[in-house]
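Protein chains in written order, with our numbering: chain A, 1 to 791; chain B, 1 to 791.
Hints listed in this document are in silico derivations from the structure and should not be mistaken for laboratory results. For each residue, glycine too, the CB sits at the ideal point set by N, CA and C. There is no bait here: all hints are sound.
One-sided excerpt, in silico: chain B residues whose CB lies under 10 Å from chain A: (1) G544; (2) R707; (3) T725.
There are 2 protein chains.
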Amino acid sequence: MATAPPHQLSEHDLATVDRYWRAANYLAVGQIYLMDNPLLAEPLSLEHIKPRLLGHWGTTPGLNLIYAHLNRVIAARDLDAIHITGPGHGGPATVACCWLDGSYSDVYRDVPRDGEGMARLFRQFSFPGGVPSHVAPETPGSIHEGGELGYSLSHAYGAAFDNPDLVVAAIVGDGEAETGPLATGWHGNKFLDPVHDGAVLPILHLNGYKIANPTVLARIPQEELDQLLRGYGHDPVYVSGDEPEAVHRELAAALDGCLDRIAAYQRAARESGSAPAERPRWPMIVLRTPKGWTGPKEVDGLPVEGTWRAHQVPLSGLREHPEHLEQLESWMRSYRPEELFDDQGRPRAELLSHVPVGDRRLGSNPHANGGRLLRSLPLPDIRRYAIEVGKPGTTLHEPTRALGALLRDVMRATAERRDFRLFGPDETASNRLQDVYEASGKGWQEELLPVDEHLSRDGRVLEMLSEHNCQGWLEGYLLTGRHGLFSSYEAFIHIVTSMANQHAKWLKVSRELPWRMPIASLNYLLTSHVWRQDHNGFSHQDPGFIDHMVNKDPHTIRVYLPPDANSLLAVADHTLNTRDLINIVAAGKQPSLDWLSIDEAVNHVHRGISVWDWASTDTGREPDVVLAAAGDVPTLEVMAAVSLLRAHLPQLAVRVVNVVDLMRLLPPDDHPNGLPGRGFDAVFTTDKPVIFAYHGYPWLIHRMTYRRSGHDNFHVRGYKEEGTTTTPFDMVVRNDMDRYRLVMDVIDRVPGLALTAIAVRQRMKDKRVEHHAYIRKYGEDMPEVKDWSWT
Amino acid sequence: MATAPPHQLSEHDLATVDRYWRAANYLAVGQIYLMDNPLLAEPLSLEHIKPRLLGHWGTTPGLNLIYAHLNRVIAARDLDAIHITGPGHGGPATVACCWLDGSYSDVYRDVPRDGEGMARLFRQFSFPGGVPSHVAPETPGSIHEGGELGYSLSHAYGAAFDNPDLVVAAIVGDGEAETGPLATGWHGNKFLDPVHDGAVLPILHLNGYKIANPTVLARIPQEELDQLLRGYGHDPVYVSGDEPEAVHRELAAALDGCLDRIAAYQRAARESGSAPAERPRWPMIVLRTPKGWTGPKEVDGLPVEGTWRAHQVPLSGLREHPEHLEQLESWMRSYRPEELFDDQGRPRAELLSHVPVGDRRLGSNPHANGGRLLRSLPLPDIRRYAIEVGKPGTTLHEPTRALGALLRDVMRATAERRDFRLFGPDETASNRLQDVYEASGKGWQEELLPVDEHLSRDGRVLEMLSEHNCQGWLEGYLLTGRHGLFSSYEAFIHIVTSMANQHAKWLKVSRELPWRMPIASLNYLLTSHVWRQDHNGFSHQDPGFIDHMVNKDPHTIRVYLPPDANSLLAVADHTLNTRDLINIVAAGKQPSLDWLSIDEAVNHVHRGISVWDWASTDTGREPDVVLAAAGDVPTLEVMAAVSLLRAHLPQLAVRVVNVVDLMRLLPPDDHPNGLPGRGFDAVFTTDKPVIFAYHGYPWLIHRMTYRRSGHDNFHVRGYKEEGTTTTPFDMVVRNDMDRYRLVMDVIDRVPGLALTAIAVRQRMKDKRVEHHAYIRKYGEDMPEVKDWSWT
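Construct the entire structure; sequences and hints are all you get.
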């Protein structure tokens, strides 16, 4: 980073930022309103106006102001910087600014930086076949969708981790600042290592209003606001006003001051080689300017500039109110477009003199198109971590512990590169992944006490009891071209359902943009899952995240339910180096039976759905029934049921099927992983009863298979919202997915069996009664269940 | 409220709170460990120990301490108070405390307050057939499930709104405090009216650790913590220590001081008649005591008390480590049980002298069993707000605006009672409910400016850009016996998916407890829905909340998709006075065609699914095809398709079906609203093609109908994750749910029609092409679509 320039804005610089700002404001208004006549070469008339006026003006001038000023400091300091637009409804701002800096036309050749391009730029905004109204994947330089609010700070910290030379300017809207995720997003600074990480510069933009209300942070007393931001660990600098020249000067000085301090903190830490004992009080800026600044002051006698009325489109109904059309024209002309664009519509050189060069431009920085920087993850041979499986179903291992060893070595292999991180809300060890601590501590910039374990200043495991931060950090990390994994209790991943939603949407749109390079997939490990909540109970039991994600674009979503430790390793191998996906892996952390050797597991994952011949009794003939399982606990119960069937109904031809890649159940028309009809029918038959034990809500299997030939024969068991703090086996009994119930299902569904196997059925029923009595007496499962193994 | 006692704890009071505390700690340890020998009448042996040791000790002593001290101030001041246990994993604490105060035995007669009862109390905890490990609906005095963390403050504010005499002591765990929802939960004080609302007293319990990590707020510098809490608008009082007597004295003084200040603020505001210009700096307590205080200091040579190792069960493996058993016994005896319980196991009178009387006990306060206080909501006759419908499908109204008028009058009718509120993240007016402002402003305790509209100190509309707060406030409000409605953009209700999850679980369990009285249903109005995101786009399009909730207990969930304004009124009438449900109503805010008179609408909602004979052409004969719609936009497209079919294929017998109560689609075995098979078949036939246009993801309809006879004939159209900022009709075209596509579906599915209607099919296809060209040229929908009405 170069030496800071003096903190007085020169007259030339003042004129330049002001011109850039005016030009961007002009272009933003043009995008909202104009179909034609972009340079106002003729007086505005109704035919130049879009039929539907869509967009958000209110936040736009503030965003433009910040962009113009960032240009100056980036160029002056040769800064490697990206910006995150929290108030991303202001799409016209970011689009305008990166059209001005040339990066828009670099990726959209049909929208050149001239009059013709400007006309296209205006017309396409919020127009069918054009670009969306928010900052979105389509917007160059963005890693942050501006639709749902609350994630700007967590995305910013995610981008800054392990990018020591990067400065992330995170613009936080005061509406957004009211959300929970943003409110805890500030605490990201407790995890930012000044040696190995870059910097986040929050710019809290208080324009005072939301859609229809004042904002909380703009209206609390100034003293309280200052305490709040200091309480968040920042040292705020205030820039306020509605007079452009004064605000330009103040903002420029504030930016220079903040960047100087950031550089000084980083220099000090890096020279000493490790983060200081006391976390730096990172600077931040509070920018207080009017909502819809420079827009219409009043419309129809009501104040607009500086109020919530400026939120969307301040002047509407132009057809019915010709005076609004005049007002629009004088508003646009107030920016003096003739000073800003030449008669070809090209931005004049005077306003471009701060624009950084090439990849330094905010619209072109490669960190904001992370796939450009992505390197393959060095994955060791998973055979190294494989469990030796002699006879299937006789030894016990904790699947996630095996994964932990693999992740430890990925962590080691990336020790220098620092492009892999593990995120979780305080559960890494609880989820049995603690081997990773041999390779990396947990990042922590607060006080360290002798009693602490595994905390370190430079750790790449991040644990904070905020699923929102974990998710946002990981997203920011991935979007800037790195790799990571989020391990969570299954039930509580629902906390970030909406964020996962938005990320899935981002990936879908990005994939359609040739200039966006593929990024690493977002990997979820959902463990401490619905069936094993021994210390907890009903509140911790919810497998519905899978259902939610399966509704998203099928090109984005994968779901894996490995039945044992080796399968989990094989799934990790299969998913960790994928791109542009969301991989959901649900796997247990409790000791569970090993079924497959590592080679069998690799094949199983490759196939997605396998017949387990060694467990089946239909060799050489048609099966009477298919028993299928998806998930570790379902596999256990199915295998135990098969074992009971062998003992009690040895004549029955049973086929055992295991599903590890859930999406294989969908028809190939509906999902790229979908098993073709012929293959599906060969596995499940078209006419035999299929008793299917599933990890989650049973209806999902019906929803996925309703177009399959044999669907009417499917009988699915799974979690049906019954639970409390109880024993593992009681959980499956309560939800009718236990071995005894599965055997009863077989007897009920296989034609003719109901009559001949009446005694066996009664025995199974008795077993369930016996179980009830036993656990109520002894508080644990019957030994025959607890210690069951495959024989 | 009585005058405050002096702030010095007398020796007698000190001894009493300490005894209560020790007794509760003893009972908590007993619950975690013991099957038998509750009074330690004989030396502890392995047969007294539970086989599975489950529970969370770490937070428990702190919770017990607070309960003991709250007893004292409640009794001394005759305070109407409830407590909310944010660190609700500490179930043993709350259960112990309300067994001691007698309220546990009041509702669970089989667990009396004696030795036999104590034995049951111990055994049942986290034991099959017993009580869950967390604070839960089963816990008397609780309105707050302690499983998922983050909602204690929003629940507390919800309970305090419109309960002027209530004090809500909200214990916030320092783990929980890291979550986003909790981080913005503090801002509830900006909406608390000191005249009409009660008080929230936050007690931030810094015990320093989560499962495996230190907590952020316990480790940031004291000065920063203080700034943070002051920044949140509080005046914190600090109580720290690990020496019981000193902590008792400090905590007692802190509580008295806080309650005096609260009383003074309220008195001042109420005497002046309105909230003061400046919001009070409400007091709060920061309690810093060791995690697992009074538990084992060390186990196996490692420090436990005061560390994360005390989180769950500090001593385990008692079978393998006999010394742990000894340690447990001396731990339990350290509380001197003989001083606490008589030889019958009854708590000694000395420790009960602070226990408040009857309903003043924390375990018995009726506010924590809100159904005891609930009154029916005064609903006006909806005919007053009805839209006059002459010919169906020819006039336009905004459905939510009609609802707004109804809600206004509910607001008026509850002006004195103050037991109805409207919650929303800044969207009440955007969602066209602004008529309610005629009856109540929006609650706001910050600065008021001349430009503001509808803000008032005592408003019962609450708007904050935090869905988490809106949801938590509403839950707290309902759980304490009042009524309310949450209106949200459909896509962003996903932000609170996990909270809705927990509330559904709470309702399911509560319904099974005879002593929990039914509470008012949680009503969602999801508007600005997936199909009409004109100003926004893809990020704002997600109808999956319905899918999520349909997985919950069917006795709890209802989903309504009213096709027009009168239907929305009828749905509101049907749902607003229900109990113990979650009602999800998705309805548009844009002008849309009126289909039903108010009487027809009432009948339609009553039936849930109706054949619209007046639109059908199968009178007196079997239909060739059924066209069904669920949702307003689907209804529009289906009706337009029917109109096209009448014009182009007049011989075709078309039956038009409308679904307003989605759960009617489920079989009656699966849902209480489920339509019996015969009725279902009579409506949909068993053998005719059913072209079904659905508001959300089409697969949900398959999942709900897979057991119906005619299911294989169902062809469902709906949102399939295609969208951007575009025109309303383009949205349905992109998702293949448009009228032209539906006509093509009919032609493709009715046997024989593919050949005879080939020209019509081509014409429909051409129309879609024409649409594409038109919107790209003009930016709005073709007039024949935009201005379409039923003829």
